[in-house]
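Enquirer: Protein chains in written order, with our numbering: chain C, 54 to 232; chain Y, 54 to 232.
Treat the hints with caution; some may be incorrect.
Pairs involving identical chains hold if they fit within one copy or between any two copies, as the list cannot separate such chains.
[As the list claims (entries may be wrong)] Mimicking SDA-like on lysine to any residue, the simulated pairs with C-alpha atoms at most 25 Å apart in a straight line are:
1) Lys-153 / Thr-124
2) Lys-157 / Leu-112
3) Lys-157 / Glu-113
4) Lys-153 / Ser-125
5) Lys-153 / Asp-165
Source of the hints: derived by calculation from the structure; they are not laboratory data.
It should be emphasised that the depicted structure is a prediction, and the values quoted were computed from it without experimental measurement.
There are 2 protein chains.
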Amino acid sequence: MSLSAATLAKPTVSAESLDPLELRAAFAQFPQGIVVVGAEIGGAPHGLVASTFTVGVSLEPPLVSFAVQHTSGTWPVLRDQASHLGVSVIGAGQQGLCRKIASKDRANRFTDVDYATDDDGTLVLTTTPLWLKTRIFNQFTAGDHDIVVLEILDLAADPTQGGLVFHQSAFNPLPSHEA
Amino acid sequence: MSLSAATLAKPTVSAESLDPLELRAAFAQFPQGIVVVGAEIGGAPHGLVASTFTVGVSLEPPLVSFAVQHTSGTWPVLRDQASHLGVSVIGAGQQGLCRKIASKDRANRFTDVDYATDDDGTLVLTTTPLWLKTRIFNQFTAGDHDIVVLEILDLAADPTQGGLVFHQSAFNPLPSHEA
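Can you make the complete structure from the sequences, with help from the hints?
Expert: Below, the structure written as structure tokens:
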């Protein structure tokens with residue numbers, strides 16, 4: 054059987070003809086969880102929003118990863134100036150936090166946001182289904198992004214909170230099965 | 054403000070005391086999309102299920118990634134014997150496909166499954182929200198898994214299909230906003 058538009062009853066797009074908008078439209082069909090990666094540096098909160106976070110990259114040692122664009126202004130600051138990084142998984146009803154911390158107004162990203170910091174600079178949001186204290190384990194270049202592998206040092210999970218997933222350009226809440 | 058159990062009103066677990074079951078329970082709080090990575094080799098279908106797939110690893114060139122355990126029996130076959138790999142995103146109502154293709158009965162994983170193959174061996178499921186034709190771009194070791202970066206050569210998206218996300222050990226359907 055040949056893979057063709059007829060077989061699959063839908064159009065085929067070649068990568069050569071793909072522009073970033075078409076690629077993003079295709080990627081929108083894959084559901085994505087959202088995290089905030091953050092640290093306190095010189096007494097000020099810094100953070101970025103990532104939709105490329107992956108759990109279960111390794112169990113022994115415990116590793117997670119995310120990909121970040123080379124054009125990010127926040128990532129070089131976190132990478133070079135923070136010894137530890139907090140990862141906070143965004144939960145149901147918290148899409149406003151994503152928009153706020155992803156905004157271009159970097160100085161006010163954490164204004165009126167509830168967060169906590171540790172002595173080592175780890176920054177996490179205080180009400181999340183899961184937060185992780187991590188440090189950078191490894192980094193790899195992949196095209197126009199870096200894949201950053203993080204080692205988990207500490208974590209707290211709250212299964213009574215629902216999840217949030219970005220799919221088809223919309224935020225979808227997921228119920229907690231343990232509420 | 055110090056990051057503590059009191060501040061966060063939930064327990065903190067240190068990585069040193071984390072066993073794989075606790076780690077999996079924590080990871081369950083992060084929503085995951087599911088894909089089948091597959092190829093036809095010597096006339097027979099081969100495939101594995103991954104919950105570590107990531108889109109948007111790069112736009113230029115177009116890259117995606119997944120992480121696969123070193124203990125996988127199927128991955129070395131795909132990696133070493135397939136020139137191209139199909140990635141099929143599992144959609145709403147297709148959780149049965151996940152279980153079937155993740156089963157230990159490797160010879161029957163594709164029995165009664167609708168799939169299509171291309172002359173280059175790419176194998177995709179025929180009814181999915183998104184499939185990609187890819188080839189391996191790069192691979193990195195990360196703990197007990199490999200992170201595999203795939204270059205997209207071709208794709209087809211069907212936004213009328215709903216999505217599927219694994220969260221808190223359950224499959225959750227996501228509605229199509231374009232149905």
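Enquirer: With identical chains treated as interchangeable, where does the CA-CA distance between Lys-153 and Thr-124 reach 25 Å or less: within a copy, between copies, both, or neither?
Expert: within (19 Å within a copy, 41 Å between copies)
Enquirer: Indicate which option fits the pair Lys-157, Glu-113 if close means a Cα-Cα distance not exceeding 25 Å: within, between, both or neither.
Expert: between (37 Å within a copy, 23 Å between copies)
Enquirer: From the Cα coordinates, with 25 Å as the cut-off, is the pair Lys-153 and Asp-165 best called within, between, both, or neither?
Expert: Answer is within: at 10 Å inside a copy they meet the 25 Å cutoff, but 47 Å across does not.
Enquirer: Check Lys-157 against Leu-112 for me: Cα-Cα at most 25 Å, and say if that holds within a copy, between copies, both or neither.
Expert: between (35 Å within a copy, 21 Å between copies)
Enquirer: Have a look at Lys-153 and Ser-125 and pick one of within, between, both or neither, based on CA distance no larger than 25 Å.
Expert: Cα proximity of Lys-153 and Ser-125: one copy only (16 Å, versus 40 Å across).
The structure shown violates none of the earlier numbered hints.
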